[in-house]
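Using the sequences and the accompanying hints, generate a full structural model.
Protein chains in written order, with the working numbering: chain A, 1 to 271; chain B, 1001 to 1212.
These are calculated hints, taken from the structure and not from any lab test.
Warning: the hint list may mix true and false statements.
To be verified - Computed footprint of chain A on chain B, listed as stretches where at least three residues anywhere in the stretch have a Cβ under 8 Å from a Cβ of chain A:
#, stretch
1, 1010-1019
2, 1116-1123
3, 1179-1189
Said to hold, decoys possible - Within a straight-line C-alpha distance of at most 20 Å, the following computed DMTMM-like cross-link-like pairs (lysine to aspartate or glutamate) qualify:
#, chain 1, residue 1, chain 2, residue 2
4, B, Lys1067, B, Asp1098
5, A, Lys132, A, Asp174
6, B, Lys1016, A, Glu40
7, A, Lys94, B, Asp1050
8, B, Lys1016, A, Asp71
9, B, Lys1067, B, Asp1127
Where a beta carbon is used, it is the ideal one built from N, C-alpha and C, also for glycine.
If you want the building blocks of each chain, they are given just below.
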Amino acid sequence: MLAKRIIPCLDVKDGRVVKGVNFIDLRDAGDPVEQAKFYETEGADELVFLDITASTEERKTIVELARRTADQVFMPFTIGGGIRGIDDIRAILKAGADKISINTSAVRDPELISRSAARFGNQCIVVAIDAKRRKGGWEVFTHGGRIPTGRDAVGWAREAEERGAGEILLTSMDRDGTLSGYDLDLTRTISRAVNIPVIASGGAGTLEHLYQGIVQGEAQAVLAASIFHFRTYSIGEAKAYLKERGVMIRTSPHTILPKQKSITSRPGSGS
Amino acid sequence: MAIIDYGMGNLRSVEKALQTLEADCSIFTEPPDSAYLAGIVLPGVGAFSDAMRNLHRGGWVEWIREKVEAGIPLLGICLGLQLLFSRSEEGAGVTGLDLLKGDVVRFPPSVGIIPHMGWNQLKIVSDTPLLSGIDEGEFVYFVHSYYAVPADPAIIAATTDYGIDFASVVADRNIYGLQFHPEKSQTAGLNILRNFINISIPDIHARIVRNN
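Quick look at the structure:
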């Protein structure tokens, strides 16, 4: 059976890993490739790098990151953030990323989804949706959650699928950074509205939240940053927790799920 | 070890994985004229018909058939596995390499989400050196909407359950195919690639001895 996926997300700025809290307050935490390798040994199923570099001249660093990661990490990874057009997509995929994720540029030019899916294949085009609760539903936001678009998140998810998106990365703006759990209504509503995988994101603070995202939110994958990044839990602990509760999870027959935290796992972040 | 580059997807990860295993490998954009090929890897992501068109244009089709006939081990990965077969529903009427008899078909809507994307398990159904040391139930990474249905079920080495059981590993003489991405399947994937290298290397030694 297909396993549910656990996906750590690494926010990257100017080629370095940071962790966003409500997309502001950033904390530096090192080299993204080293982090990626660490998550690989821990048994992460995929990785997402979210580039939050503002300036366009720094764009090359993300292509370089894709290349360095592909050279050293033998698991699927997605790169998102600031991708504007087909040329960016081609460069990042060519450098070795498995998927790219588009958000603002997809809302601005929905044709970009269709064109890039036709060109590179549906499976490598992820549409990221930042959604905020409003009366009777959820509204799509762009620009890292700053700009409201007036668009309904459910309708937008459906359109993204029709245009050829292979996956939806769904972030609740209300929950992001709060560690209070995914917006399960939102996750379930979108999961049921489309026939492509939905990755739940925004709000994971405990292992139970991951479980809820999969079971109640009906997501195919759960994305989390803080709880893994600051070593509140290891990937192994998350997997052991989910497996114990009957969720289909990938555990290698060779991997012994950790009972205690790895000694290499505590950076001096003090958190 | 030759990796065939026929314009279908990124080959960097496959190359890096083989290099990590210390295999001497090169990516070829046209058929190499080398007498000392240990093995051939045919990767690929994309549409079956585009892939066959590119293989024909690049002069690869005859080359692959020739090398396979000469006994050189061939490994098809993902779309590369599908191309080994006779034909595909994707790109109606397009003939594949036809090294293995059978059809490539799309997952029925009843399986739910298509493509089949993520980590799924191998059910090992027959012995092959390609899966040496790989445990029953091992997880590997898949991304595909089509799968091969071999005419001869005996060539199926492993199956995977995605609503239906499909052939995820095939092995017939010196022809091997993996429907998943070993280069993205962490340790399990690297172990399978190592097996392919181990199949190929002694083989080339034997061939060189024979030819001398």
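Hints and how they fare:
no. : hint                  : in the structure
1   : 1010-1019             : holds (count 5)
2   : 1116-1123             : holds (count 6)
3   : 1179-1189             : holds (count 8)
4   : B/Lys1067 - B/Asp1098 : holds (14 Å)
5   : A/Lys132 - A/Asp174   : holds (6 Å)
6   : B/Lys1016 - A/Glu40   : holds (16 Å)
7   : A/Lys94 - B/Asp1050   : holds (18 Å)
8   : B/Lys1016 - A/Asp71   : holds (6 Å)
9   : B/Lys1067 - B/Asp1127 : violated (24 Å)
In summary, the one numbered hint that this structure violates is 9.
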